Amino acid sequence: MNWKLLVVAILCPSALFFTGCDKDDPVIPNEEELITTLNYILTPQSGGDVITMSFQDLDGDGGTSPTVVGGTLSANETYDGTLELLNESETPAEDITEEIEEEDEEHQFFFQSSISNLSIAYDDEDDDGNPIGLSSTLSTGAAGEGNITITLIHEPTKDGEGVSSGDITNAEGEIDIEVTFPVSVQ
Amino acid sequence: MFSKKVILYFACVLISFNSVAQNCNLTIEGRVLDEAPNTPLSYVNILIQELATGTTTDTNGNFRFDDVCPGHYHMTFSHIGCEGDRIHLDLISDTILNMKLSHTPTSLSTVLIEGKKSNIILQPNLSVNRQAIEDNANHSLSSMLEIEAGVHLIKNGSGISKPIVQGLYGNRLTILNNGIVQSGQQWGNDHSPEIDPFTADKITVVKGTSAIEYGSGNLGSVILVEPKRISNDPHLHGQINYAFETNGRGHNVNARLSKYTPLFAWKINGTVRKYGDRKSANYFLNNIGTEEVSFAIQLEKSLKDRLFLDFYASTFNTRLGILRGSHIGNITDLERTLISEVPFFTEPDFSYGLEAPKQHVSHQLVKGKAKYFLQEDQILELILAGQINNRKEFDVRRSGRSDVPSLNIAQNTFNAELKYTNEFDGKWKLKIGSQNIMTDNTNNPNTGILPLIPDYFSWKTGQYTTLSKTLFSIDWNIGVRYDYELQNVVTISRGIDKEIVRYKNQFHNISSVLSTKYEISNSQSFSWNIGYATRNPAINELYSNGLHQGVSGIEEGDIDLVPEKALKNTLEYKWIPNTNFSFNSLFYHQHFRKYISLIPQDEIRETIRGFFPVFKYEQTDANLYGIDISTQFTISNSFFGMLKYSYLKGINTEDDIPLVFMPPNSFFGSLVYRTNKQIGLSKIKLDASEIEINNRYVFKQNNLLTEQDFVPPPAAYNLVGIKISTNIISSSYKIRCFIKADNLFNIAYRDYLNRQRYFADDIGISFTIGINYKF
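Residue numbers (our numbering), protein chains in the order written: chain A, 1 to 186; chain B, 187 to 961.
Don't take every hint at face value.
As the list claims (entries may be wrong) - Result set (SDA-like, lysine to any residue): computed pairs, CA atoms no more than 25 Å apart in a straight line:
hint, chain 1, residue 1, chain 2, residue 2
1, B, Lys886, B, Tyr831
2, B, Lys445, B, Ile957
3, B, Lys578, A, Val27
4, B, Lys578, A, Glu31
5, B, Lys555, B, Glu609
6, B, Lys802, A, Leu58
7, B, Lys690, A, Pro26
8, B, Lys684, A, Thr64
9, B, Lys684, A, Leu86
10, A, Lys23, B, Lys445
11, B, Lys835, B, Tyr718
Please keep in mind that the hints were generated in silico from the structure rather than gathered at the bench.
Just so you know, these numbers come straight off a predicted model, no measurement behind them.
So here's chain A without its partners, still in its complex pose:
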């Protein structure tokens, strides 16, 4: 039938044409928002070596597993703690800490410890007088083993009950960072 021929005639050339279509190489997005590294830098107030706990995941969510380095702290010591957030997938590494400082009212870190007598207190505040957690004071008591979990909450309810003293229960918001370090107090 003639019409079938017409069908074939129309479609075949287009078929050949389209099979040749290839996609251009995509532009790889610049993951400027990515946080690859969290460093918790602890300086003993009585002098001595600076201890850095770090969580590093250079390739983001997938790929290789993150590298977690905990720390060994001295018993009955007080440390000045500083948090540092980096995007090390870029060279030079980008300091994400600044982004948190700029939006300090919308961010708060929470510190949870499974070690008895180890406590972490806030040492900074935003314009509203609420804590942020980029600077903190860590005090140890007797020797022990356990974990410290550091959580960054985006858009928390900072005036929630107990939130300004570091209790995460009523903080609501959305978790942006949650890392756990093995810690030993000796």
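Please build the complex by placing chain B on the supplied structure of chain A, with the hints as guidance.
What follows is chain B alone, placed relative to chain A:
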């Protein structure tokens, strides 16, 4: 006492009335007028198909049928040089039909298409008509279909919803907008189809086995969104719909105009919607507002009764908010949210605000169709269409990046289709067609996030043929389809050094269908369909890679997936013993080889943002089966009722565990009281006033194991609704008004298929008031 009613037709609009009568002594009489000069039309052939009796109009245009039993009838009106018309009549009382036929030599096709069997008629289908669309002016396309048996919705909040038909959704369910396969990111469970339902006159759900004509990928079910042909009316006609919904303070405005001119016929349609925060039974659901603007234009032209040209263009633009409290971080976040009674970020006040997380989606369609009658029974159709879909999804991000989309995909699609139909003088019906779809999918790199699905180019070509014939009083339809798909995919590798990795995939798919329908008697019929279809893995199933923010999980595709195969059987039984009762039951069973689904893995992945569950696309053998039952009955001449029930079960037969995300069983019932008398003054009348009470009961999804979800499925729920409507009719216009209440008792409930159920209750009580003005 009989009360005779006048049924007034403007082209094809049907309003049917009911009154007292049970015996076979009814009359149908009426008059046929030529629409344009309003003069009587003589020699119009009128046929009652079911009775196979006919008559012709006299010189005054009058006709009459005597001694007709109550029942459902199809009547055809035809006249030389006229647009014929075919109507459905639910005859209960003596009826007067005043028909208007357009005595203009144009659209031969209406009769030809409507009058003959099309392939899908043999397959079980149900449809939402124009009045239902208007009465649900406050609903999206998907939610208009929800009351139909066997149709459920996957939702994300209230504005985002997509249909699920007999357990099939997303990649497995094809939606045809105006005959064109809807493109876009249809794979996403939180991606609504980008179609304004007001552009349609009819929305049909084909619950079949393999819709051969409608493209590869559909494994049986298809949703057809169709506008009607423009009537050959030389006057300007139009309508305005407005609906206000209290919950969400939503405004819905739609306007439509159409006119036939000797040069061409045109119709335009525009819709604007705006919703703010909704409210559940006990608290506001913030940031789930909607803003939508859409516009469509339809042009038709016929040349010498042989060539019919159609042009259609539409633009659809929407902004959809997502509940802020449902946007969560890691698995700890999910656990924190689950124990919270009220979702995080809940505000005490209403707002129209639309902040991140949200979606901005636009969809443009341009379609041209040429239909040429080689002979009266041979048609050649060419359809060309282009679609541009742009989806932007915004997440809550740091440093002002909430204004930068986290996902930004542009998809351009081009369709070309050629179809040949030959009816061999009505003895056979043969269709041969070829469909070609090119898709170009590109991520915008300005997101600053590695794309969830890669850039790709795909080319699909499908060739099909179907044959219909009545043999031994059984209607037969067979069809075969072959599809070839080529995918050129460009992915970006994960890892420290990002690399571009290319894949080239080729797939061959075969589908076939056999449909039969046997009428045992005038009142009973059986249809049996068997269909085999294959669907190649979609791009997201092969390559998705990354965090799906809304689901708090890492989703990974598998490049080694193979096409899934499905064998589906449906058996439909219809019984309409008399006008007071009808019963329809549809059994279906679908067996899958290599069913693709997202399966939770044992791995919990550690990232700097905490721990995330990992989901991977895996294949398994599966069975899906169920039954949809519906019945309609008349209690008295003013009381009507309807009951619908659907049952569905999905099983992974390889591991003997339930399939996840299957609709729970549901029951719907409604009772309508309708006044049969027109109330009012001489010129303006209130007609067919109705009170409807409806009830929807959704069972708990018990077919699920505890370890298959984060939380157990929500409890069963029951929603009661009420609707009061009336029509104000004068000689020159018609106004329809309605007021309805949904979730009348303000029940706090959660639905298994609503993604928001982990975080918040569904919508509470809501009143809607609507007005529809036609001229």
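#### Entry: Unmet hints by their number, sorted upward, for this structure
Going through the list in order, the structure violates hint 10 alone and respects the others.
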